[in-house]
Amino acid sequence: MDNKENKHQRPQVSGKTVKRLFKIIFKNYKKLIPIVIICIVISSIVSVSAPLFTEILIDDYIVPLMTIDNPTFDGLNTLILIMAGTFLLGVLTSFIYSRLMVNISEGTIKYIRDKMFIKMQDLPIKYFDTNTHGDIMSHYTNDVDTLARMISDSLPQLVSSLLSLIAVTISMFIQSWQLTLFILAFLVLMLKLTGYITKKSGGYFIGQQKTLGKVNGYIEEMINGQKVVKVFNYEERAKKNFDKVNEELYDNMVNANRFSNILMPILNNLGNLEYVLVALLGAYLAISGTAEGLTIGTIASFLALTRSFNQPIKNISSQVNMVVMAMAGATRIFELTDQEPEVNDGYVTLVNANVDSKGNITETNDYTGQWAWKHKHHDGTIDYIELKGYIEIENVNFGYEPNKEILHDITLYAKPGQKIAFVGATGAGKTTITNLINRFYDVEDGKIRYDGININKIKKEDLRKSLGLVLQDTNLFTGTIKENIKYGKLDATDEEVIKAAKIANAHDFISMLPKGYDTMLTANGSQLSQGQRQLLSIARCAINNPPVMILDEATSSIDTRTEKLVQDGMDKLMEGRTVFVIAHRLSTVRNSKAIMVMENGKIIERGTHEQLLEQKGQYYQLYTGAFELE
Amino acid sequence: MIKKLMKSIREYKKQTILTPLSVAIEVVLEVVLPYLMAKLIDDGIYQGSMDATVSIGIQLIIFTILSLFFGAVSGLYAAKASSGFAKNLRKDLYYKVQTFSFANIDKFSTSSIVTRLTTDVTNVQNAFQMILRIAIRAPLILIFSLIMTLTINVKMSIVFFILIPVVGLTLFIISRIAMPIYRKVFKKYDDLNNIVEENTAGIRVVKSYGLEKEEINKFEKKALEIFKLFTKGGKLVALNAPIMQFFMYLGMILISWLGARLIIITHSTELTTGQLSSLITYAIQILFSIMMLTMISVMLTISMSSAKRIVEILDEKPSIKSAKNPIKTVENGSIQFKNVAFSYIGKKNKEVLKDINFTIQSGENIGIIGGTGVGKSSLVNLIPRLYDVTEGELLVAGNNVKEYDVKSLRDAVSCVLQKNILFSGTVKDNLRWGNEDATDEELIEACKLAQADGFINQFPDKYDTYIEQGGTNVSGGQKQRLCIARALLKKPKILILDDSTSAVDTKTEQLIREAFNKKIPNTTKIIIAQRISSVQDCDKIIVMKQGQINAIGTHKELLKNNDIYKEVYESQTQDS
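Chains as they are written, first to last, in my numbering: chain A, 1 to 630; chain B, 1001 to 1576.
Derived by calculation from the structure, the hints in this document are not laboratory data.
One should not assume that every hint holds.
[As the list claims (entries may be wrong)] Chain A regions said to be covered by chain B (calculated; three or more residues, Cβ under 8 Å): (1) 27 to 38; (2) 169 to 177; (3) 259 to 268; (4) 316 to 327.
[To be verified] Here are the simulated lysine-lysine pairs, DSS-like style, with alpha carbons at most 30 Å apart: (5) Lys-388(A) to Lys-419(A); (6) Lys-1091(B) to Lys-210(A); (7) Lys-1003(B) to Lys-1321(B); (8) Lys-1462(B) to Lys-240(A); (9) Lys-1350(B) to Lys-240(A); (10) Lys-1184(B) to Lys-239(A); (11) Lys-376(A) to Lys-240(A); (12) Lys-239(A) to Lys-1007(B).
Since this is a predicted model, take the numbers as computed values, not measurements.
Glycine included, C-beta positions come from ideal geometry on N, C-alpha and C.
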């Protein structure tokens, strides 16, 4: 529990994150960025200049012309034309930068997304085992979303607001430094207040997110167990508990919204107040003549500037929360992309081969159905070793965490075509052994060899391709049944697909489906039964045709009737292969060449079914049902 | 639909009404402020009159304070009203779901119910808060600002009456073109997330087939599609800002030009310079309120679909209800099926159960055997009325189950479902599902019967051990025994175990059966099992085949006369 909460805390946002983010944006859009910045500058200047034009219009044209009987409008028209030209430039530049920003923000987001996914594919299994799927997913959803919104909306707003602010401040200084000082003093007050409110609401927003998660979690758990609720007449109590968390959420929500809702009215009206105070102060200074050069006209235009000054401040304040949240997201994203990738420095590769009658191996580019390990030695010589499926495990010790050894001194071997079974309680270390064989985790101590080659020397992709894996949880992918089977061999023909399905006993049920092999599977094949899904994953393995297979509880969540089908399919698949099988139904392991009974990371008994029964040890107890597995 | 949702406002009516009201007042003040500011310049500063400046300034300050007050009040009320509305809506939905029968739940699917209670409620809440604050504010600002321009100068206000429809229409058209693009993008977005999800869940498969590159290609292709669509939509939406600016500047220029001429020609009698600047301010306010209105219309259309999904739940009629004058007690544990047929979708020819006829005496032990999908679970689900029979009659203790109070019936018929679920909480919390008021002694007693007391006592925290959501920190066999204990705490007349001992070892299972026979001999016990050994000692064993009863008899009789039973028996005894 504690662990989970820690993960959901906001990571610290540092200047480093901001810098890195900008680097990414700049790197990809070296040419566009200067254009965008120039456009933002121009468009900000234009928007700042708008009220100034009004003042010039009034002071230099309207007021002097007002008293003349036959005024000429030439000068005025020219000014209006200049205004129109300037404004058009403003519209044009803002059109350009808004459009370019779409490219930049979407492009950057795509870049980040791709980068995350590419990185993710490269991460060791450990990362997936130690982070919840929901947590990994939220990098792609929440974090990327907030970041995208910040880049596309907040960033240009911030830049243009900041520029406007600078431009306005300069023009204000030119008009009257006394009044400007007053405005700046007022600004400090406004910023302090904004800071206070956003900090307050920020805390409540985190609280709201937390309780919202709690309520949603409660709803999810209870609705999923709704049938049990009904059976136990638990409805009233479920309501009572729900009311409690719901009320808590309400409290947090009210507080969070309260603060964010009053921020705008406060800033708005402080702006208004500032306007009045400037007017009073200015009028006093002008009328009393204390400040030199302060005319009535300048006060009027200064007041107009005051209004333009407050707009960017309001804009910036409303973006603060967004930016902080987006930066927190960016920090999490960088955390993911900074993960250490899986070590993959193997140099022994798997190649198509021709083996002649004398056992000489030659490499070829064509598919021959025969494979060989290509072993390049340090001295440049190349050895070819035929792929057979001989696995040796020698004195292996292993722990997922340092100082917590799970496997102790495991030694065993499987000759090509032999079936080795692992039996034992949950946590005894059965799956761990298989995790080591396909290098999902690396051994610390001891050696594992494949056809006599230390697996650390084999390129991971090639090692894994030579090992078939069928797990208890079948994972199918969105796509047709055919595509899912082809997952085991991308360039397989339709005939090969059907052949594999037949081996796996999947052909019959697939043919019964209205669309047969072209049936679309979604949501992990939820329209199929657990047994059918497993048959597909066996077919997928069959088409891959690996010499060594690992079956990890492949039949344990299947009902007894389909189990027979699955079992038959699996038996056919196992023929002629080296097989490691983990099962809790002992009937599936009986015909193994050797059965390893495991307990607390050690092999405590080993032998054939008959030998083990004779021993009258742990296996005998398990087999006669005196002991409970799992 | 709106009416249905509004019912959930309840105790927050006051805030719901006061929010727009204070928004309205705030708007009036906000509209008056530029007018006063213009006056301050005209009458105060240009006239060089300190008195006028001070008196208008004081008026302005008062208005500002009032505006601040009402602004803050509306913000506070809006927070309360929307959070309260969401709270009630969530509650109404949750309470409604509690009345749902199994059939209702199946109809919606649990995941869809969860989405409606979470995401959809949040969407509707946001829309509600927006309506209260902005949807009132924007049109009001528009109207009041227009009124102000009319009072300042009728001729000049014509500019606005021309600009408003043009701006409104342009923005509206953009949003309507952009919306379908965004809808499409969200769909694609789901696909992308789906790829990520499949890859996190199936990373072992990806890696063991060495298909990382292919998955990356798949992802990048989708990401590119999204990029293209988002850019397309984004470029459309990005038009909004320059278009707004264009119209704003256009308005300013028109007003400046026409206004300047008017002032000069009429020698400032029809329009003053101060009024000119306030007209420009109003122009900006009006254009912004139009932009807000188009934004609202987009947001509301999006949240409409959420509202629809919520109302679907609120409108759903629970398919199982207690009778009008229900029987409150179940006298004994006898059961009788009379010509019962059952179909999940209530249709003929799609029946999962047909021609079911049999009688169980109170206190009998009944076993049910048959392959997957033959209707064993469906059959026992009818007894506590989790589903209603489609045809025929089902009697418990001599009365049709439909005549009972549902709660009393389910208290008397305890069912351990095939899909067992433990909830996050302590062992005790979970056990008390069976009986809220059970004493610790009763809990221990039930656990002893279910052979769970032993392993519970081996936990460091014993009965206070915390069970993780879904019971992931106990083994399958332990979970099943806890579920049985939970069911026993109801002290039922009829106890149904639907394949609930499959993960329990044979020896422990036998101990459970023996304990049952000794301690609760008068309870009718129905056991569905895959293993013959689980049912062979029962008084009667029912063999089912394709939704029908194939045979009923004792172990010995069936072994002699029934092929299915014999076959299963033989396949299971071969092993040992």
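Status of the hints after comparison with the structure:
Evaluation of the coverage hint for the region 27 to 38 of chain A: breached, as 0 residues show C-beta separations to chain B shorter than 8 Å, against a requirement of three. With a threshold of 8 Å between beta carbons, the proposed coverage of the region 169 to 177 of chain A by chain B is violated, since 0 of its residues qualify and at least three are required. Counting residues of the region 259 to 268 of chain A whose CB falls under 8 Å from any CB of chain B gives 6; the rule of at least 3 is met. Under the rule that three or more residues need a Cβ within less than 8 Å of chain B, the assignment of the region 316 to 327 of chain A is violated, with 0 such residues.
A hinted pair counts as satisfied when its Cα atoms are at most 30 Å apart, and Lys-388(A) with Lys-419(A) qualifies at roughly 14 Å. Annotation: proposed proximity of Lys-1091(B) to Lys-210(A) holds, straight-line Cα distance about 19 Å (limit 30 Å). Restraint check: the Cα-Cα separation between Lys-1003(B) and Lys-1321(B) comes to about 26 Å, which is no more than 30 Å; the hinted pair holds. Between Lys-1462(B) and Lys-240(A) the CA atoms are separated by roughly 27 Å; this keeps the pair inside 30 Å, and the hint holds.
Note on Lys-1350(B) and Lys-240(A): the hinted pairing is violated, with a Cα-Cα distance of about 39 Å set against a maximum of 30 Å. Distance hint between Lys-1184(B) and Lys-239(A) is unfulfilled; the C-alpha atoms sit about 38 Å from each other, more than 30 Å. Of the pairs offered as hints, the one joining Lys-376(A) and Lys-240(A) is violated, with about 69 Å between alpha carbons and a cut-off of 30 Å exceeded. Taking the CA atoms of Lys-239(A) and Lys-1007(B), the gap is near 19 Å; set against the 30 Å cutoff, the hint holds.
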